[in-house]
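For chain A, the structure is supplied; the task is to place chain B with the ligands on it using the hints.
These protein sequence lines map, in sequence, to chains A and B. Sequential numbering of the first sequence, starting at 0, is according to numbering that gives the first Met the number 0. Sequential numbering of the second sequence, starting at 0, is according to numbering that gives the first Met the number 0.
Don't take each hint at face value.
[What the hints assert, rightly or not] Simulated pairs of lysine-lysine, DSSO-like, Cα-Cα distance not exceeding 30 Å: (1) A:Lys16 / B:Lys85; (2) A:Lys101 / B:Lys106; (3) B:Lys61 / A:Lys75; (4) B:Lys127 / B:Lys97; (5) B:Lys77 / A:Lys16; (6) B:Lys7 / A:Lys75; (7) B:Lys85 / B:Lys61; (8) B:Lys7 / A:Lys4; (9) B:Lys85 / A:Lys55; (10) A:Lys5 / B:Lys106; (11) A:Lys83 / B:Lys72.
Since the hints were made in silico from the structure, they are not lab data.
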Amino acid sequence: MDKAKKVVVLPCSGIGKAYGALARETAYELAERVRPGVATLTCLPLLVINDPAARKLVTDHPVIAIDGCPKECARKSVEALGKKPAVSYQAIRFYTAHKDLKPEGVAQLNEAGQKLARIAADELAATVDRLAAEEAVAQVSKPAGSPTSSRPGVGATSTSEVCGDCGLEISDTADSKSALPAKEEL
Amino acid sequence: MNEIQVTKVGIVSCSGEEIPDGTLCRIACRKVLDALRPGETVTICLPLFIAGGEEERSFAAKYPTITVDGCEKLCTAKATEMLSGKPGKSLLVPEILKRHGLPAPTKLRHFGLEEEPAVKAVAEEITKAVDEVLAEA
Ligand code: SF4
Ligand code: SF4
Numbered sequence: 000m001d002k003a004k005k006v007v008v009l010p011c012s013g014i015g016k017a018y019g020a021l022a023r024e025t026a027y028e029l030a031e032r033v034r035p036g037v038a039t040l041t042c043l044p045l046l047v048i049n050d051p052a053a054r055k056l057v058t059d060h061p062v063i064a065i066d067g068c069p070k071e072c073a074r075k076s077v078e079a080l081g082k083k084p085a086v087s088y089q090a091i092r093f094y095t096a097h098k099d100l101k102p103e104g105v106a107q108l109n110e111a112g113q114k115l116a117r118i119a120a121d122e123l124a125a126t127v128d129r130l131a132a133e134e135a136v137a138q139v140s141k142p143a144g145s146p147t148s149s150r151p152g153v154g155a156t157s158t159s160e161v162c163g164d165c166g167l168e169i170s171d172t173a174d175s176k177s178a179l180p181a182k183e184e185l
Numbered sequence: 000m001n002e003i004q005v006t007k008v009g010i011v012s013c014s015g016e017e018i019p020d021g022t023l024c025r026i027a028c029r030k031v032l033d034a035l036r037p038g039e040t041v042t043i044c045l046p047l048f049i050a051g052g053e054e055e056r057s058f059a060a061k062y063p064t065i066t067v068d069g070c071e072k073l074c075t076a077k078a079t080e081m082l083s084g085k086p087g088k089s090l091l092v093p094e095i096l097k098r099h100g101l102p103a104p105t106k107l108r109h110f111g112l113e114e115e116p117a118v119k120a121v122a123e124e125i126t127k128a129v130d131e132v133l134a135e136a
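If we strip away everything but chain A, and leave its shape as in the complex, we get (with noise of 0.2 Å):
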């Protein structure tokens, strides 16, 4: 496969929370019917066992984390293997940006949450053909042998917020051409 065109979607491996079934179920959107061949999956708790293939794959390639919760996991996981991702966001905000659509149950994602994570991955979206076509013209430009990683950080602001509605920490690290509006655009 075309090393340039794989933007990697790392949701976070929420267990205990519909936050982290909405990432979940937002990358599988991703992957399975928005971007798919492009979008691409791995088990997070690869990377936290350090394994060597799914390492590569994320350092080899622009992420894009989504959490469920202020922890933050998928994040602080990438950033464990001295990566930043290219985009990151907890999942809460797809729903403030959604309020009539409330996400419920773990296991398996109520209705309302399966149309958020529709809508959410529509609208990420033109993120990952950014993503993926900024990662084609690095591939180009860059001379044989040399480091394949993305840019990590660059043109990545953080921001800091606190949900209105649950009082949740909300702190994304949004490039500024992300294709999600920033939530007070929302």
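Below, chain B with the ligands alone, put in the same frame as chain A:
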């Protein structure tokens, strides 16, 4: 006065985003946590062993722990042992399915009737392991 000691068993599931058996792990573990042994079990999100603090890393020291993995990579068993403590029991989904003569699931999400026998078999084995750990405690 007799002191009543309530012992809980920790269940740590792999999340297996990439593999249908990982999804099976999660759903079966939730079934045990929520329906089959709700009072006797606790869980933790696996990546908290890295992303969390000392409190999270002490999970396996605090609770006798059962790990449940979706494939031979054994992420949960290895991560728990490396970062928290030796698990009391380690279960592997493909082995359970083989023992029960059940096919592996093929979907990553939206499990339904087709996957129900597999979910039931894995959940029952986790429950059995919980009961054994409690009996030994
Ligand atoms: S970010 Fe929160 S919900 Fe997701 S795995 Fe970590 S602790 Fe669990
Ligand atoms: S044990 Fe297998 S299915 Fe589970 S997280 Fe690891 S690689 Fe994925």
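Violated constraints from the hint list, given by number and in increasing order: 8
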